[in-house]
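All chains should be built: construct the whole structure from the sequences, respecting the hints.
Chains D and F, in that order, are what the protein sequence lines are.
Under our numbering, think of the first position of the first sequence as 1, with each following residue one higher.
Under our numbering, think of the first position of the second sequence as 1, with each following residue one higher.
Hints should not be assumed to be uniformly reliable.
What the hints assert, rightly or not - No more than 27 Å apart at the CA atoms, straight line, and that leaves these computed lysine-lysine pairs for DSSO-like:
#  : chain 1 : residue 1 : chain 2 : residue 2
1  : D       : K10       : D       : K201
2  : F       : K323      : D       : K273
3  : D       : K138      : F       : K139
4  : D       : K454      : D       : K491
5  : F       : K329      : D       : K138
6  : F       : K329      : F       : K139
7  : D       : K93       : F       : K139
8  : D       : K138      : D       : K121
9  : F       : K183      : D       : K139
10 : F       : K329      : D       : K78
11 : D       : K10       : D       : K187
12 : F       : K183      : D       : K121
13 : D       : K93       : F       : K323
14 : D       : K10       : D       : K189
15 : D       : K93       : D       : K201
16 : D       : K93       : F       : K329
17 : D       : K381      : D       : K337
18 : F       : K323      : D       : K138
19 : D       : K273      : D       : K138
Please keep in mind that the hints were generated in silico from the structure rather than gathered at the bench.
Computed from a predicted structure; not experimentally measured.
So you can see what is in the structure, the chains are spelled out below.
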Amino acid sequence: MEIGTDSVIKLHNISKSFGTVQANKDVSFELNKGEILALLGENGSGKTTLMNMLSGIYYPDSGAIYAGGTEVIIRSPKDSFDLGIGMIHQHFKLVDVLTAAENIILGLKGSAFINRKRLAKEIREISEKYGFSLDPNKKIYDMSVSEKQKVEIVKVLYRGADVLILDEPTAVLTPQEADILFDMLRKMKEDGKAIIIITHKLNEVLSLSDRVCILRKGELVGELQTKDATIQSLTEGMVGRAVNLEIMRDSGALGDERINVSDLTCLNEDGLKALDAVSFGLRAGEILGVAGIAGSGQKELCESLTGLYPIESGSIKFIEDGHTSELTGFSPTEIAKKGVHLAFVPEDRLGMGLVAGLDMVENIMLKSYHNDRGFLIDRKKPKETAEKLIKSLEIVTPGVSTPVRRLSGGNVQKVLLGREIDSKPSVLIVAYPVRGLDINSSYTIYNLLNDERKEGVAVLFVGEDLDVLLELCDRIMVLCSGRISGIVDAKTATKEELGLLMTEQ
Amino acid sequence: MVGGFDFTNFFFMAVIAATPLLFATLGEILTEKSGSLNLGVEGMMFMGAAAGIAASYFYETAAGSGASGIVSALLAVLIGFLAGAFGGFIYSLLTVTLRANQNVTGLALTIFGIGAGNLIGELLGIRAGGFTTVSDSTKSVFSGISIPFLSDIPVIGRLFFSYNFMVYLAVATAVLLIVLLNKTRVGLNLRGVGENPATADAVGINVTKYKYIAASVGGGICGLGGVYISMATVGGNAGTWIDNCIAGRGWIAVALVIFAAWRPSRAIIGALLFGGLSALWLYFDPWLQTFLPNASIPQQIYNVLPFIATILVLIFTSIRQSKELSQPKACGTNYFREER
Numbered sequence: 001m002e003i004g005t006d007s008v009i010k011l012h013n014i015s016k017s018f019g020t021v022q023a024n025k026d027v028s029f030e031l032n033k034g035e036i037l038a039l040l041g042e043n044g045s046g047k048t049t050l051m052n053m054l055s056g057i058y059y060p061d062s063g064a065i066y067a068g069g070t071e072v073i074i075r076s077p078k079d080s081f082d083l084g085i086g087m088i089h090q091h092f093k094l095v096d097v098l099t100a101a102e103n104i105i106l107g108l109k110g111s112a113f114i115n116r117k118r119l120a121k122e123i124r125e126i127s128e129k130y131g132f133s134l135d136p137n138k139k140i141y142d143m144s145v146s147e148k149q150k151v152e153i154v155k156v157l158y159r160g161a162d163v164l165i166l167d168e169p170t171a172v173l174t175p176q177e178a179d180i181l182f183d184m185l186r187k188m189k190e191d192g193k194a195i196i197i198i199t200h201k202l203n204e205v206l207s208l209s210d211r212v213c214i215l216r217k218g219e220l221v222g223e224l225q226t227k228d229a230t231i232q233s234l235t236e237g238m239v240g241r242a243v244n245l246e247i248m249r250d251s252g253a254l255g256d257e258r259i260n261v262s263d264l265t266c267l268n269e270d271g272l273k274a275l276d277a278v279s280f281g282l283r284a285g286e287i288l289g290v291a292g293i294a295g296s297g298q299k300e301l302c303e304s305l306t307g308l309y310p311i312e313s314g315s316i317k318f319i320e321d322g323h324t325s326e327l328t329g330f331s332p333t334e335i336a337k338k339g340v341h342l343a344f345v346p347e348d349r350l351g352m353g354l355v356a357g358l359d360m361v362e363n364i365m366l367k368s369y370h371n372d373r374g375f376l377i378d379r380k381k382p383k384e385t386a387e388k389l390i391k392s393l394e395i396v397t398p399g400v401s402t403p404v405r406r407l408s409g410g411n412v413q414k415v416l417l418g419r420e421i422d423s424k425p426s427v428l429i430v431a432y433p434v435r436g437l438d439i440n441s442s443y444t445i446y447n448l449l450n451d452e453r454k455e456g457v458a459v460l461f462v463g464e465d466l467d468v469l470l471e472l473c474d475r476i477m478v479l480c481s482g483r484i485s486g487i488v489d490a491k492t493a494t495k496e497e498l499g500l501l502m503t504e505q
Numbered sequence: 001m002v003g004g005f006d007f008t009n010f011f012f013m014a015v016i017a018a019t020p021l022l023f024a025t026l027g028e029i030l031t032e033k034s035g036s037l038n039l040g041v042e043g044m045m046f047m048g049a050a051a052g053i054a055a056s057y058f059y060e061t062a063a064g065s066g067a068s069g070i071v072s073a074l075l076a077v078l079i080g081f082l083a084g085a086f087g088g089f090i091y092s093l094l095t096v097t098l099r100a101n102q103n104v105t106g107l108a109l110t111i112f113g114i115g116a117g118n119l120i121g122e123l124l125g126i127r128a129g130g131f132t133t134v135s136d137s138t139k140s141v142f143s144g145i146s147i148p149f150l151s152d153i154p155v156i157g158r159l160f161f162s163y164n165f166m167v168y169l170a171v172a173t174a175v176l177l178i179v180l181l182n183k184t185r186v187g188l189n190l191r192g193v194g195e196n197p198a199t200a201d202a203v204g205i206n207v208t209k210y211k212y213i214a215a216s217v218g219g220g221i222c223g224l225g226g227v228y229i230s231m232a233t234v235g236g237n238a239g240t241w242i243d244n245c246i247a248g249r250g251w252i253a254v255a256l257v258i259f260a261a262w263r264p265s266r267a268i269i270g271a272l273l274f275g276g277l278s279a280l281w282l283y284f285d286p287w288l289q290t291f292l293p294n295a296s297i298p299q300q301i302y303n304v305l306p307f308i309a310t311i312l313v314l315i316f317t318s319i320r321q322s323k324e325l326s327q328p329k330a331c332g333t334n335y336f337r338e339e340r
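Structural data, given as structure tokens:
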């Protein structure tokens, strides 16, 4: 095989399997100097596994890796560093109680004693070169997500990496932070570095990359120049067939206010305000989106609405058929006993939503068993419900008695959402319902939420993908450090507007 | 001294009582910094104590009348260290390589160490025909030093320049650990391993090697605490094996590690405080009797003071919420690379 003159890394027929699961099969591609290559694929398509073989975490079953034209063997992260490959993982690998500088030199050889002054200077030089700033003496636990990412980037650059691999780098960033990151990456590209960015966000691929490689079920199914690509063509490559990417916003007539929250304040573990005087109304037949940087109070909001989080001050009222009931200060059971039908799909599906070791029937039963009469539990009705859900939501499972932890992420979410919707709620609260789900499952979930809206349910949707929020919701409420920084009309708002509200001081 | 609290002698005795605690606390800090919670401190101290006295005894028996006190003392220190290190090594073998539960392994090590230490001590006693004791020349090496001029300064000399060499060795160990943990690359890597082994592994640090070495050296330092108790404890007992001589000091050290917030500098203060509590009975009653001529607090009350203080320390430190002053995050859990 010929090797291009600018080729820095070349993969040839790489295969890797875990047990019976084939994670990668005969993948071959090249990476050139001074280019940004996007590695596109759905969750579970083998993008991260493939890159982990370059960074020395996994070892390929077969195939060869070439660096600078010669075949190399990468057995450990150290081998990978030595070849100038640096990977920035999705979940940062940083030590919280150490400073940025200490994290950057962790594990490096050199003088026995650390020369902190020189180190700080070197770090400043690197960050200035690519147009950003980083305080070498700041501790990691004091840092925002984007600062931590910068530490990771400097960490690989300090080790002399010429090849940077970024795994879903924008998953946790605001649009503005993502733009800053992209500018940094473009500067590195001009500097001759080769960059691989793993993503499933199509607009990022189009705006940033030079070339795209598409993976599907572990195999390379397409390789094209970004300038020849469109959103539609990329999606089809990723999913394997045409997908309708439109989310139908079926806003019917808005009903009356169903939930009224006024001046809600909650404290976090450190006694600081996790929610600060939050007031809003949620109406029947609407989807109210909640946007914000991770940890801005979304979790506390969902949990205080459902009676799981202690409320410091303020009130939550539930209004149905002209009858108002106070929810403040009641436990979930007490709220249910008042005849208030709240359904909650938490972020932590297998921790808070479902019991991982129980099967579908038992998980459905958890929600309803206390309505049974008598001493013994009745499995018949929940079993019927489970079978109904399997059919209507196309849940892939060996059977109703398989523990839910054995199902894939998308199917777990369908079980959870299905159970909650089956309880005929009048208010549905969902937190990050499509996190970790593939495109098809995501759209199934969006459609389910749409159906609930049509039924006149009041839906609170905590999301992270701003494009989806804008398309699906009626209104979007933006949280910033526990405060509402704005409630906007989703039909007219823009992503940039949301991004600014998310970071408002 | 009548009519006042004899602070100079009290401080002296507090330092003497603090030293084995300081060794054990430092050893456990080093171990925990690598992410291993070794509850076998008590056992490793027993092993160090018995091995130290045995080394001295056998050397003296073999060398006969030509035995040198200095060689005998150095052998006691060295073999005691190695015995403690052996305990730490066994602990690493079980928890790092064989992935046994850290708490259970540590407790087993304590039980084993107590048994092994007492067994060796008793066997030596039988062999020596009654009780084991080392020669006077060895004992004199473990007694207080005398530096010309410095030791003769009133008060200051007694407070700082009159202890046996192991007291200074303990302080030197603390200083060494402070420098190691805060100034060197090895220390930084060690902290990385104890906080987040997956991260350390990903940057190419040999996690297994660091954990083995830290637990073994840490165990060795705990063993030195044992040597101190069997060889240098002031009073008639120095150089003589006493059944159950460690008497729970290893457990106090485990609590002192928490009190010290995993910092060697604070370990010095903590050990001194607890040493003071156990030396209090010598000086508090006489002082009390200057007001209440017949007052006397039972010895048992004094004996229980350090343990009451331990409970109080654990209560108060559990209230402390600080990211800096807390246990290394990976402490207590074993690391497997495959489990990502």
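| query | Can the restraint linking D/K381 and D/K337 be considered satisfied, given a maximum Cα separation of 27 Å? | reply | holds, 21 Å
| said: For a C-alpha distance cap of 27 Å, please report whether D/K93 and F/K329 respect it. | reply: holds, 14 Å
| said: With the threshold set at 27 Å, check whether the alpha-carbon distance from F/K329 to D/K138 stays at or below it. | reply: Judged against 27 Å, a Cα distance of about 19 Å means the pair holds.
| Between F/K183 and D/K121, is the straight-line Cα distance small enough, at 27 Å or below? | holds, 18 Å
| task | Take a quick look at whether F/K323 and D/K138 sit within 27 Å of each other, Cα to Cα. | result | Holds, because 14 Å separates the two Cα atoms, which is no more than 27 Å.
| request: For the pair we were handed, D/K454 and D/K491, check the Cα-Cα distance against 27 Å. | output: holds, 18 Å
| message | Check the hint pairing D/K93 with F/K323 against an upper bound of 27 Å on the C-alpha distance. | response | holds, 18 Å
| message | Against the 27 Å threshold, does the CA-CA distance of D/K10 and D/K201 hold or violate the hint? | response | holds, 24 Å
| message | Check whether the Cα positions of D/K273 and D/K138 lie no farther apart than 27 Å. | response | Holds: D/K273 and D/K138 sit about 24 Å apart, inside 27 Å.
| message | Please verify whether D/K10 and D/K189 have alpha carbons no more than 27 Å apart. | response | Satisfied, since the Cα-Cα distance of roughly 18 Å is no more than 27 Å.
| Between F/K323 and D/K273, is the straight-line Cα distance small enough, at 27 Å or below? | Distance ~20 Å between F/K323 and D/K273 Cα, so the pair holds.
| said: For F/K329 and F/K139, compute the direct alpha-carbon distance and say whether it is at most 27 Å. | reply: The hint is violated at about 43 Å.
Checked against the numbered hints above, the structure violates hints 3, 6, 7; every other hint is satisfied.
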